[in-house]
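Residue numbers for the sequence shown, in this note's numbering: -10 to 370.
Calculated from the structure, these hints are not laboratory results. Here the structure is a predicted model, which means the values were calculated and not measured. Glycine is no exception: its CB is placed at the ideal position from the N, C-alpha and C atoms. Keep in mind that a hint or two might mislead.
To be verified - Ranges between beta-carbon positions, derived for each pair:
{"hint": "1", "residue 1": "ILE88", "residue 2": "ILE142", "range": "34 to 44 Å"}
{"hint": "2", "residue 1": "ARG296", "residue 2": "TRP9", "range": "38 to 48 Å"}
{"hint": "3", "residue 1": "ARG178", "residue 2": "VAL143", "range": "40 to 50 Å"}
{"hint": "4", "residue 1": "VAL54", "residue 2": "VAL140", "range": "28 to 38 Å"}
{"hint": "5", "residue 1": "LEU286", "residue 2": "ALA363", "range": "23 to 33 Å"}
{"hint": "6", "residue 1": "ARG87", "residue 2": "LEU286", "range": "17 to 27 Å"}
{"hint": "7", "residue 1": "PHE173", "residue 2": "LEU70", "range": "37 to 47 Å"}
{"hint": "8", "residue 1": "PHE173", "residue 2": "ALA276", "range": "28 to 38 Å"}
{"hint": "9", "residue 1": "VAL54", "residue 2": "ARG294", "range": "16 to 26 Å"}
{"hint": "10", "residue 1": "LEU47", "residue 2": "ARG294", "range": "45 to 55 Å"}
{"hint": "11", "residue 1": "MET237", "residue 2": "VAL143", "range": "49 to 59 Å"}
{"hint": "12", "residue 1": "ILE139", "residue 2": "PHE252", "range": "18 to 28 Å"}
{"hint": "13", "residue 1": "TRP9", "residue 2": "GLN244", "range": "19 to 29 Å"}
{"hint": "14", "residue 1": "THR246", "residue 2": "ILE5", "range": "50 to 60 Å"}
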Amino acid sequence: MIEGRRLYRETNFGLIGKLWNISWLYVLLLCALAGVGYAALYSAGGGSPEPYAARHILRFALGLVLMLSIALVDIRFIARLAWPIYGLSIVMLVLVARIGHVGKGAQRWIELGGLQLQPSEMAKIALVLALAAWFHRASWERMGNPLFLIVPIVTVLLPVGLILKEPNLGTAVICGMVGMSVFFAAGVRWWKFALVLLPLPLLGRFVYAHLHDYQRARIDTFLNPESDPLGAGYNIIQSKIALGSGGMWGKGYLQGTQGHLNFLPEKQTDFIFTMMGEEFGFVGGLALMGLLMLIILGGMLIAIRCRHQFGRLVALGISFNFFMYVFVNIAMVMGAIPVGGVPLPLVSHGGSAMITVMVGFGILMSCYVHRDVAFAARDEA
């Protein structure tokens, strides 16, 4: 019976068979998270679907169609496109430097047909695909050869460097860590990571001296936000006040004072978790984090179930990218790390991050649908 089901998955790749193989429970979790985002943005809009919540749910609906469409694409075809997609992402990052849109002191967006895109977000997905394609056919003998790692290291450093130039320090760090997660999952030895990370503390002062003024202000504010309570420290101070005022159970839906009286900055984007913490309290915040963790763990389970290395690496890389979104955003609003412009995925208002996340989940779901397909064997070195 089990062998029959396995053979069915391997041979029946018609449209109905692929739709049957989609993890609809995982799709339901994503819909639940987007629903939480709608409720939060409805509150951020002052109890109205405009201007945030209506756009949010429309974008998610379009993203859901895109995700399911990508899920039906054979993962082997996606693997063949991995390097072209990576190359396109690098071209878009170069275009940002030349014709990009400047916002809040940084040049991070490009206009395409009236739609603003942030290529640095898509570059993280492209990086995962390229690294997975590189490591997929690598034997353990080749993995032990340091020269074999030159190409993937350059593959990581190139987008990181271009993102730093925008400047976008937070996304560049996340991009580098996502790349490292694929290295680790592929089996690169821990001591090689140590060699790379060892000089970083020594370079800290040099890097700090060459940061932009607003980046240094974020670090200084993180260390001592009360030093400039009405300037650089205002955001994080108000965020802590809102979280603390929520208490255990919160003030109630649509009853948050910090958010609705506009003391809380960027409540629809970066500080959406803070607004929810004020209205639903510590319990509500834990419930949201539980939902986010289910999605992350679900992605990791998909990676474990893949029979081919490419799918495993892609699923782990995309899951880790989602985790970094969540960790950085929540840690930021709690004051655990410096403030940066990282949204809470499928909850915060924003189109570029929404599309990127849904494309990533589409590729993740393709890994699940095609988890038993026969990939080319690893090279024998």
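Do the hints match the structure? See the list:
{"no.": "1", "hint": "ILE88 - ILE142: 34 to 44 Å", "result": "29 Å, violated"}
{"no.": "2", "hint": "ARG296 - TRP9: 38 to 48 Å", "result": "18 Å, violated"}
{"no.": "3", "hint": "ARG178 - VAL143: 40 to 50 Å", "result": "19 Å, violated"}
{"no.": "4", "hint": "VAL54 - VAL140: 28 to 38 Å", "result": "35 Å, holds"}
{"no.": "5", "hint": "LEU286 - ALA363: 23 to 33 Å", "result": "28 Å, holds"}
{"no.": "6", "hint": "ARG87 - LEU286: 17 to 27 Å", "result": "41 Å, violated"}
{"no.": "7", "hint": "PHE173 - LEU70: 37 to 47 Å", "result": "24 Å, violated"}
{"no.": "8", "hint": "PHE173 - ALA276: 28 to 38 Å", "result": "30 Å, holds"}
{"no.": "9", "hint": "VAL54 - ARG294: 16 to 26 Å", "result": "25 Å, holds"}
{"no.": "10", "hint": "LEU47 - ARG294: 45 to 55 Å", "result": "33 Å, violated"}
{"no.": "11", "hint": "MET237 - VAL143: 49 to 59 Å", "result": "50 Å, holds"}
{"no.": "12", "hint": "ILE139 - PHE252: 18 to 28 Å", "result": "51 Å, violated"}
{"no.": "13", "hint": "TRP9 - GLN244: 19 to 29 Å", "result": "44 Å, violated"}
{"no.": "14", "hint": "THR246 - ILE5: 50 to 60 Å", "result": "52 Å, holds"}
Hint check: violations occur at hints 1, 2, 3, 6, 7, 10, 12, 13; the rest are consistent with the structure.
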